[in-house]
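*Asks:* The chain contents come next:
2 protein chains.
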Amino acid sequence: MRHFDMEMTELKKKLVDMASSVQQMIKISIDVVVKRDKELSKDVFSIEREVNLDEIVIDDTCLKLIALNQPVGSDLRFITSAMRINSDLERMGDEAVNICETGVELLEYPELKPLIDIPKMVVIVTEMVKESIESFNLSDTELAQKVLEKDDAVDELKRIILKDLIEYMIETNDRSTVIRAMNLVSIAKRLERLGDHATNICEDVIFMVNGKDIRHNNRSN
Amino acid sequence: MRHFDMEMTELKKKLVDMASSVQQMIKISIDVVVKRDKELSKDVFSIEREVNLDEIVIDDTCLKLIALNQPVGSDLRFITSAMRINSDLERMGDEAVNICETGVELLEYPELKPLIDIPKMVVIVTEMVKESIESFNLSDTELAQKVLEKDDAVDELKRIILKDLIEYMIETNDRSTVIRAMNLVSIAKRLERLGDHATNICEDVIFMVNGKDIRHNNRSN
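Residue numbers (my numbering), protein chains in the order written: chain A, 14 to 234; chain B, 14 to 234.
Please keep in mind that the hints were generated in silico from the structure rather than gathered at the bench.
For clarity, every value in this text was computed on a predicted model and none was experimentally measured.
Take these hints with a grain of salt, some might be off.
Copies of one chain are not kept apart here, so a pair can be met inside one copy or by any two copies together.
To be verified - With a straight-line Cα cutoff of 30 angstroms, these simulated BS3-like cross-link-like pairs (lysine-lysine) come out:
no. : residue 1 : residue 2
1   : K202      : K40
2   : K176      : K202
3   : K40       : K25
4   : K77       : K225
5   : K202      : K133
6   : K225      : K51
7   : K26       : K176
8   : K55       : K176
9   : K176      : K27
With these hints in hand, go ahead and build the complete structure from the sequences.
*Replies:* Written out as structure tokens, the structure is:
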């Protein structure tokens, strides 16, 4: 294996490792919300510090790979896609931190029974995140396309969750209910954004493999 | 001027033009909300189509510039920063579209008098966006730093707006008030994200000019 190829494999490994940290952050953040366990939130913050470092190291690796090897074609597309995926992963980590913080805020109040369709949304979004990374790792554009197709379902679920929570706020009009419902709205929106980042990664994978920019074709914005 | 330098100047111009379209989208979206004028929303959608095209063209230009010129050092940093700023600008356009759509939804209801501190937030965020682009255009890291320092004020304003809107929902407990207040919450969050994108651009400018990655130093996430 050429030295350059070894470095490219190493870059891919770094991104996949970072992605697995981000997935862990998402999982724990949701546990903070669902299991109402504040202790877990510490782990989210400590993994975030690692992910933030990963982002800087990976960007630096990419710049050096370009500067020292002058790649073209698919190699260059791989490196620039890696930079973009790197940035999406870091922002996914930020979303997880936000979900976690909202989860901690919710602990100040008694549990609001109806989590509505949030668990359903968690299942789809978690799947999208996992598959987007898998599609990158395996350069699997079919899988990437499958993920893109799930985005509408997530948007629709968020719409229903918002509607249900608004109804709930109107029916049970006390301060604590409104605050808790607002926090759940915030979590639903963060989940939607996690799904958006997963679709960004998939678009990058398709561009990386096919050299075809499909952004703004497959979805409305 | 070398051919390469001319192309770099051209790339910068493309980004600044795209940025001015995005600024226009933001301005019109806010007008849709404040002036309650649905007609204006058409302009937002038509500029969005241009911005989406700009994004693809700029990324393509960047890749070609790297592949054909094998830049290193500050030139390479400029191009990769341009790719990142490109992506932030496009996402800022998405935020504007969302503000605009929320503004249109609000037209279904009578005006909710207290826009609370939203106009104040608009002023700061609009300024941040303008200055972030100016800092890129002039490679002005001092200005970039100034923008970064405004981010806390935006976060604080958003916090106050949310608190005020929750109070308002609790006091005036009818369906229409709750829905309108929720829409204003959504707009405040979109404004906050516009500010976040502006800070991303500023971090890129500082990296581009100084070669120093300041992400995760100057702010909490």
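*Asks:* Next step is simple, just say for each hint if it's right about the structure.
*Replies:* Structure-based check of all given hints:
1. Both within a single protomer and between protomers do K202 and K40 lie at most 30 angstroms apart by alpha-carbon distance, with minima of 16 angstroms and 24 angstroms respectively.
2. Both within a single protomer and between protomers do K176 and K202 lie at most 30 angstroms apart by alpha-carbon distance, with minima of 13 angstroms and 18 angstroms respectively.
3. In this homomeric assembly, K40 and K25 come within 30 angstroms of each other (Cα to Cα) only inside a single copy, at 22 angstroms, whereas the closest approach across copies is 41 angstroms.
4. Taking the shortest alpha-carbon separations for K77 and K225, both the intra-copy value of 25 angstroms and the inter-copy value of 14 angstroms come in at or below 30 angstroms.
5. When the C-alpha separation of K202 and K133 is checked against a cutoff of 30 angstroms, the pair qualifies both within a copy, at 14 angstroms, and between copies, at 24 angstroms.
6. For a Cα distance limit of 30 angstroms, the shortest separation of K225 from K51 qualifies neither inside one copy, at 45 angstroms, nor across copies, at 36 angstroms.
7. For the homomeric pair K26 and K176, neither the shortest alpha-carbon distance inside one copy (41 angstroms) nor that between copies (44 angstroms) is at most 30 angstroms.
8. For a Cα distance limit of 30 angstroms, the shortest separation of K55 from K176 across copies, 26 angstroms, qualifies, whereas the shortest one inside one copy, 32 angstroms, does not.
9. Proximity of K176 and K27 under a CA criterion of 30 angstroms is satisfied in neither setting, with 40 angstroms inside one chain copy and 41 angstroms between copies.
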